[in-house]
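As they're listed, the protein sequences go chains L and E. Quick note on the working numbering: the first sequence kicks off at 15 and runs consecutively. Quick note on the working numbering: the second sequence kicks off at -5 and runs consecutively.
Heads up, some of the hints might be wrong.
[Stated by the list, open to error] Short derived list, chain L residues pointing at chain E, Cβ under 7 Å:
hint : residue
1    : 172
2    : 179
3    : 182
4    : 186
5    : 191
6    : 192
7    : 236
8    : 238
[Said to hold, decoys possible] Listing some non-contacts, in silico: residues in chain L with all C-beta distances to chain E over 10 Å:
hint : residue
9    : 16
10   : 19
11   : 51
12   : 80
13   : 111
14   : 116
15   : 119
16   : 137
17   : 152
18   : 154
19   : 160
20   : 162
21   : 164
22   : 199
23   : 203
24   : 255
If you're looking for bench data, these hints aren't it; they were derived computationally from the structure. For glycine and all other residues, C-beta sits at the position ideal for the given N, C-alpha and C.
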Amino acid sequence: MTARLLMYLGYPFVRYALIVGVLIALCSSLLGVTLVLRRFSYIGDGLSHVAFGALAIASVMNLTNRMLVILPVTVISAVLLLRTGQNTKVKGDAAIAMISVGALAFGYLLMNLFATSSNLAGDVCTTLFGSTSILTLTSADVWICIAMSIAVLLIFVLFYNKIFAVTFDETFSKAAGVRVERYNLLIAVVIAVIIVLAMNLVGSLLISALIIFPALSAMRLFGNFKSVTVFSAVLSVICALSGMLISILAGTPVGSTIVAVDVLAFVLCSAAGRMRGGVL
Amino acid sequence: MAQLIAKDLCVGYEGRAVLRNLNFEISAGDYLCIAGENGSGKSTLMKTILGFIPPVSGTIMTGDGLQRNEIGYLPQQTLIQKDFPASVEEIVLSGRQGNSSSRFFYSREDRQIASKNMERMGVRNLARSCYRLLSGGQQQRVLLARALCAAEKMLLLDEPVAGLDPKVTEEMYALVAGLNREGMTIVMISHDLDMAVHDAKHILYVGKPVFYGSRQEYLKCGLSLKKAGDSV
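Produce the complete structure using the sequences and hints provided.
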């Protein structure tokens, strides 16, 4: 088995996939803690559907670089969704549901009307659940992904204290003179970027899993923000890496294998947390 | 000069006043209790004091060297905080966020101030404990320590004893009164006037009619006020 693994690792596209996969897992788990704690888990889900719709538009327009459409559309949706928190006619959860199913429907409609290939069902399935796209990355894709991941990491580390403060108590931060709206905007944009990146790895339907599972697992075990953040990042990378290796060796779909490993890790962490009878 | 001055202040949302023509001054070392029934506009007034919403008309100014963002604020606990994984130290330290807005990380000075305020509130030994596992009274002490990190002169407490049992409530009031004796200006919002009136130096009763005056004045005409408020 080791020999087979080494053989696969000899291919550059496998190495690319592993690098990109690890980076995406790392970024998504970091922001996941904030999203879960602020009860925004669904935003990840909603945005991923928006990204799917945007992808459909990009395919129909036959763009060579689909990112040019997907990224701005997703970022704008993220900003709009976070805005709906207060004082709007449509409440937050309803707004997310509206946008996400709307985007999903339009995406499929467009793909259907302007189908470029004969295997429509296959195409849709690929974008929703991710499949081979992670293995067909060009080196340009890899560099874009690395650059964006580094940007996300940098933003997270630099604004870690502010993100904690705004997540824990928005009102207090506001009273202390922190421009809360600005940080919310920053978080929204970063989440949108992560979702667009993660679409390559697990497909748009499974992105939320990548975002919320490591955070939830870590919260079963630890009682302070730093440990939760660090542990969820480490766990997410381990899960993504082992998920990808399993899928390469066993020939299973990449995205769903990674998510399956994440779910397993969550079950283990829950059990461990319960056995110890509390958090650290 | 007073630290906070309200002049013909009307507070409310989108140009519609909930409370009208408030006039009060809070000077250094004062202890003002803002009381009133639910829905009387206490929270709206509080948001205006903190600068979250603009006054409908009139003015509210800070003075005596106090900046608006130097008011230490103890908000009511939110649902999010009930299962938030954070240590006491992390939370208290986050009180320094407004003072270090230009920097990304906390300085040694920030950490010392946080440590000092944990000591002051008697939660130093809990520094590494998980916030969500603490008792209600301990949690309030932690949030009070955080507010102290943000403010040196004035604290604004929003229903600080909500959900606490009678014994812990008394402790909380004693703690706040102690801070007041040390020179901290206190503004407390409460619907429980009877308890709060014990320590307060001034009372602002927002209801019908609005009352503002010293504790003695309030005690003199307080009962009749309350009755009038009930019958309206």
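Of the hints stated earlier, which fail here? Hint 11 alone not satisfied by this model.
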